[in-house]
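Colleague: Read off the chains here:
Number of protein chains: 2
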Amino acid sequence: MFEIFQHYISSKATLSNEEYNLIKSVCILKKLRKKQYLLQEGDVWKYNAFVCKGCVRSYRLDEKGNEHILNFAQENWWTGDRESLLTANPSKLNIDAIEDSEIILITKDNFERLCTQIPALNSLINNIINKSFITSQERIHAAMSYTAEEKYIAFIEKHADLSVRLPQHMIASYLGITPETLSRVRKEIIKK
Amino acid sequence: MFEIFQHYISSKATLSNEEYNLIKSVCILKKLRKKQYLLQEGDVWKYNAFVCKGCVRSYRLDEKGNEHILNFAQENWWTGDRESLLTANPSKLNIDAIEDSEIILITKDNFERLCTQIPALNSLINNIINKSFITSQERIHAAMSYTAEEKYIAFIEKHADLSVRLPQHMIASYLGITPETLSRVRKEIIKK
DNA sequence: CGATTCTTTGAAAACAGTCAATCTGTGTGG
DNA sequence: CCACACAGATTGACTGTTTTCAAAGAATCG
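Chains as they are written, first to last, in the numbering used here: chain A, 1 to 192; chain B, 1 to 192.
Treat the hints with caution; some may be incorrect.
The list cannot tell twin chains apart, which means a pair is met if one copy fits it or any two copies do.
[Unchecked claim] Only pairs whose alpha carbons sit at most 25 Å apart, straight line, appear in this in silico DSS-like list of lysine-lysine: (1) 158 with 64; (2) 64 with 192; (3) 131 with 191; (4) 24 with 35; (5) 108 with 12.
Calculated from the structure, these hints are not laboratory results.
Produce the complete structure using the sequences and hints provided.
Modeller: Okay, structure coming up:
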């Protein structure tokens, strides 16, 4: 399982064997069954988490109890709650597994230590945060200016891989529309 | 004008006089008249920009030519287009001044050099990006699960200072609703 | 299989958008 | 200093998209 993480890192940076060993020594391996929680609302999140296998989603609940998916994370992507991690406040997020998954966890303290010891890892993770920020800006724009149909088309174009392994109602939740609307949108698209 | 920037930095980190001088030596001062562009769609953005005085907005245009405001930046906040900065792609954003403003620009190259020379500045800016990311996640959630009224109330609660200096139609644009809807929402709120 | 979960469909309702007209306030030029 | 122009805000009537609620099909899993 660590090999997957190592392979990911090596595609982004050049590290020595000692450095990999250093990283490996603080990795916590976690297997999740489908539907199992990685994080529940109210808990404080204390890790950096890397998805080696499977897929997880992070979502919030509104006052009416509706789920709103904020992010998916499949193989070779990061997950967690940066807000709770940084502020140590109880998380507003839930994260659970959409499929049986394997996750590597590194505690905040260990991760920070790694980052000072391995600058390349530090810039790697800063890069990820930058990308995440850019992605969210794009998503805000989509949420504000796209119709339901445009949102869906943009999603399957950008996330072709994800869109085939996710149930439709989760895509709907991610796009901020109801499953019924998504079903109708798809019907319209197929017509064309 | 640099004093404002210096004051901001000193509230977040402790730097030596030489370090401040180093920063000052690469600062480009830019004054903007109201409505003047800082960045226009299609240009490549190459700076880190800090607002000393005034207020700017960044927005995108959709196919119909409607403006959608992504961010405001008032005194002591950063602006720019991180996507264009990182990828060197032409920007999809426009940034212009809502009020007469004074901005400090630092070119990408100079900023990176500063960050390696002054680690505290590096972590300061990483902190900002983290916060920006958290803010956008919050905004995505709001866009997906709030009604127009809830969006507006959340906005004026979170941005009391901004809400009094912005024209209503810009707030509407930021919230992803029409000026007419915002006007009606306000009417409803006053009623209560 | 049987049970649960997911998707589809229909009809009605709600919310926000559009278009157009009017009102308000501000600033500029004569 | 007034008048006019202009940008912004409000209001009304109407439209359209999406939601809601309910029910029926389809698919998946133990």
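Colleague: Would you list, in rising numerical order, the hints stated earlier that this structure does not obey?
Modeller: 3, 4
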